[in-house]
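Novice: Okay, here's what each chain looks like letter by letter:
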Amino acid sequence: MRILSVPTTGALAPPMPLRKCARSLTALALPLLFAGISLAQTPPADLEKRLADLDKATKSAQMAGDNAWMLTSAALVLMMTGPGLALFYGGLVRRKNVLSTMMHSFVLMALISILWAVVGYSLAFGEGTPFIGGLRYLFLNGVGGDPNVDYGPTVPHQTYMVYQLMFAIITPALISGAFAERMKFSAMLLFMTLWALVVYSPQAHMVWGKGGFLNGTLGGKIPAWDFAGGTVVHITSGVSALVCALYLGKREGYPSETMRPHNLVISFIGACLLWVGWFGFNAGSAVAAGPLATSAFVATHFATAAAVLGWMTAEWMVVGKPSVLGAISGAVAGLVAITPASGFVKPMPAILIGVIAGVVCYFMVSKVKQKFGYDDALDAFGVHGIGGTVGAILTGVFATKEVNDLRMGKAMGLVDGDAGQVVNQLVACLFAWGLAIVGTYIILKICDAVLGVRVNKAAEIEGLDYSQHGEEGYNFES
Amino acid sequence: MKRIEAIIQPHKLEDTKEALKGIGVDGMTITEVRGHGRQKGHTEVYRGMEYKVDLLPKVKIEMVVPDTRADEVIRTLVTAARTGKIGDGKIFVYEVAEAIRIRNDDRGDAAL
Numbered sequence: 136m137r138i139l140s141v142p143t144t145g146a147l148a149p150p151m152p153l154r155k156c157a158r159s160l161t162a163l164a165l166p167l168l169f170a171g172i173s174l175a176q177t178p179p180a181d182l183e184k185r186l187a188d189l190d191k192a193t194k195s196a197q198m199a200g201d202n203a204w205m206l207t208s209a210a211l212v213l214m215m216t217g218p219g220l221a222l223f224y225g226g227l228v229r230r231k232n233v234l235s236t237m238m239h240s241f242v243l244m245a246l247i248s249i250l251w252a253v254v255g256y257s258l259a260f261g262e263g264t265p266f267i268g269g270l271r272y273l274f275l276n277g278v279g280g281d282p283n284v285d286y287g288p289t290v291p292h293q294t295y296m297v298y299q300l301m302f303a304i305i306t307p308a309l310i311s312g313a314f315a316e317r318m319k320f321s322a323m324l325l326f327m328t329l330w331a332l333v334v335y336s337p338q339a340h341m342v343w344g345k346g347g348f349l350n351g352t353l354g355g356k357i358p359a360w361d362f363a364g365g366t367v368v369h370i371t372s373g374v375s376a377l378v379c380a381l382y383l384g385k386r387e388g389y390p391s392e393t394m395r396p397h398n399l400v401i402s403f404i405g406a407c408l409l410w411v412g413w414f415g416f417n418a419g420s421a422v423a424a425g426p427l428a429t430s431a432f433v434a435t436h437f438a439t440a441a442a443v444l445g446w447m448t449a450e451w452m453v454v455g456k457p458s459v460l461g462a463i464s465g466a467v468a469g470l471v472a473i474t475p476a477s478g479f480v481k482p483m484p485a486i487l488i489g490v491i492a493g494v495v496c497y498f499m500v501s502k503v504k505q506k507f508g509y510d511d512a513l514d515a516f517g518v519h520g521i522g523g524t525v526g527a528i529l530t531g532v533f534a535t536k537e538v539n540d541l542r543m544g545k546a547m548g549l550v551d552g553d554a555g556q557v558v559n560q561l562v563a564c565l566f567a568w569g570l571a572i573v574g575t576y577i578i579l580k581i582c583d584a585v586l587g588v589r590v591n592k593a594a595e596i597e598g599l600d601y602s603q604h605g606e607e608g609y610n611f612e613s
Numbered sequence: 386m387k388r389i390e391a392i393i394q395p396h397k398l399e400d401t402k403e404a405l406k407g408i409g410v411d412g413m414t415i416t417e418v419r420g421h422g423r424q425k426g427h428t429e430v431y432r433g434m435e436y437k438v439d440l441l442p443k444v445k446i447e448m449v450v451p452d453t454r455a456d457e458v459i460r461t462l463v464t465a466a467r468t469g470k471i472g473d474g475k476i477f478v479y480e481v482a483e484a485i486r487i488r489n490d491d492r493g494d495a496a497l
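The listed protein sequences correspond, in order, to chains U and S. With the working numbering, letter number 221 in the first sequence gets 356, and the count goes up by one each step, no holes. With the working numbering, letter number 92 in the second sequence gets 477, and the count goes up by one each step, no holes.
It is possible that some hints are incorrect.
[Said to hold, decoys possible] To give an idea of the interface, some chain S residues facing chain U are shown, with a C-beta separation under 10 Å as derived from the structure:
1) Arg-423
2) Gly-433
3) Met-434
4) Phe-477
Hint data in this document are derived by calculation from the structure and do not stem from the laboratory. For each residue, glycine too, the CB sits at the ideal point set by N, CA and C.
This is chain U alone, in the form it adopts within the complex (with noise of 0.2 Å):
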């Protein structure tokens, strides 16, 4: 039976190609017609049903989706810590104190995951003052299987909570690099107890808690765009790294003596164990499995690998020779400076971000780290406090609806028109910087008071691996 009439001889007739393709055409619209006869046979109620599980299945599959990533990303975080920062600072300090700086890492995936239990996701992401969240996720309360919406409306709430505890364990970690090789180990473990819930939970609170003051999307009276941490993560860690760097003073025979890093093969292995699980820390930061992540994935990467140029550069030109140390430290530069911005810029002003940060780095690093004259031993502040300032207000510039749309249409960076949020930025930096440096001198006065935070000369001397934890981290002769 034909459905369409189209000519197929005579003057009128299509060229052999459209006749063809009329005859296929032909032969599909009769099964599609008695198709849609039948459907529009069926019962309203059955179709209901149909599209109900339908709706249910596409949900189901998007948080299948979305939980994979976010479970592998909070891994990859937790990896950085675990041996990525282990093994990156631990290559840089002296051979006596490899285990104790190792150790410094380690025992807070511990002490940060106990802590973050039973009180600190609470502290943090609870809701409370814009300051500092409640007590109603306290012991966990509360948090299962079922998103949360505010924070993953695709994913359990126990993953946000998992994924976000990745993330309170590796910043205090990184304040370790500008106490390593004479803090003592009862004291920082005090410090650590403290410092996790006096600046880490508030400042992530009010970043990234519903109604923080500085929140981006949840309330936030001065909103601050901090994709995965530059304020929260690397401003707190970096610039009390500072402050316990002035407080402890130098170590003993620091500068005169000569402090090489013992090992920097095992530095180089951590730093790239640092690139790769920076994807779960930036990527992961969209809680979902879709295209924010993967911009943010792209933006991460191209930073890093900018920097890592731009920090061999620079030293290349002024010491006249490239060093594997420089270009892995322009990594990790690239690698914080890139943390608030991934998931708001595209991939060109990544990699600007990422220059500016090797190079300013570098130059934190190598000069003015040796104008002021602080021994912060492994450059907590120069990498992480600066690089992470550096690129909090770099945000603020790059930012775009293009990229992230938050504000539905709005402006969100310089680039698409808002000035006004680069004010925003210095103002989370400012926050950061405040809490950084009122909590942690205050810390440590406590933890000096009760326990003395610095070893004394003898143990410092003898090395930490065998003063604080009796061991030797290379026994070649056994």
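With chain U fixed as given, assemble chain S onto it according to the hints.
Specialist: Just chain S now, with coordinates in the frame of chain U:
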């Protein structure tokens, strides 16, 4: 018996070992050491800090030989280890009071 202690450039170790094997010297102890004579070290830069590194890697070869063989061994060592540049190293010769083979109590030259 004489203990001959040679501190040489690390890259000359293989040549020296081959040469000694060539004249029938089997027993030796090799240690990696650091040190310097008149050779200047170098400066390394880590994150902007300069470090003078004046302890340079060398290799120390020690062997104990009968008095009659000492000169031959020294000549072989010098020829094999010499490059002609500063940093070639030095040889020291010591008197040995006694030598004992642990496996079977051999003493003196028989233990070498």
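Novice: Hints first: check each against the structure and report whether it holds.
Specialist: So, going through the hints one by one against the coordinates:
1. Arg-423: 21 Å, violated
2. Gly-433: 3 Å, holds
3. Met-434: 7 Å, holds
4. Phe-477: 26 Å, violated
The structure shown violates the earlier hints numbered 1, 4.
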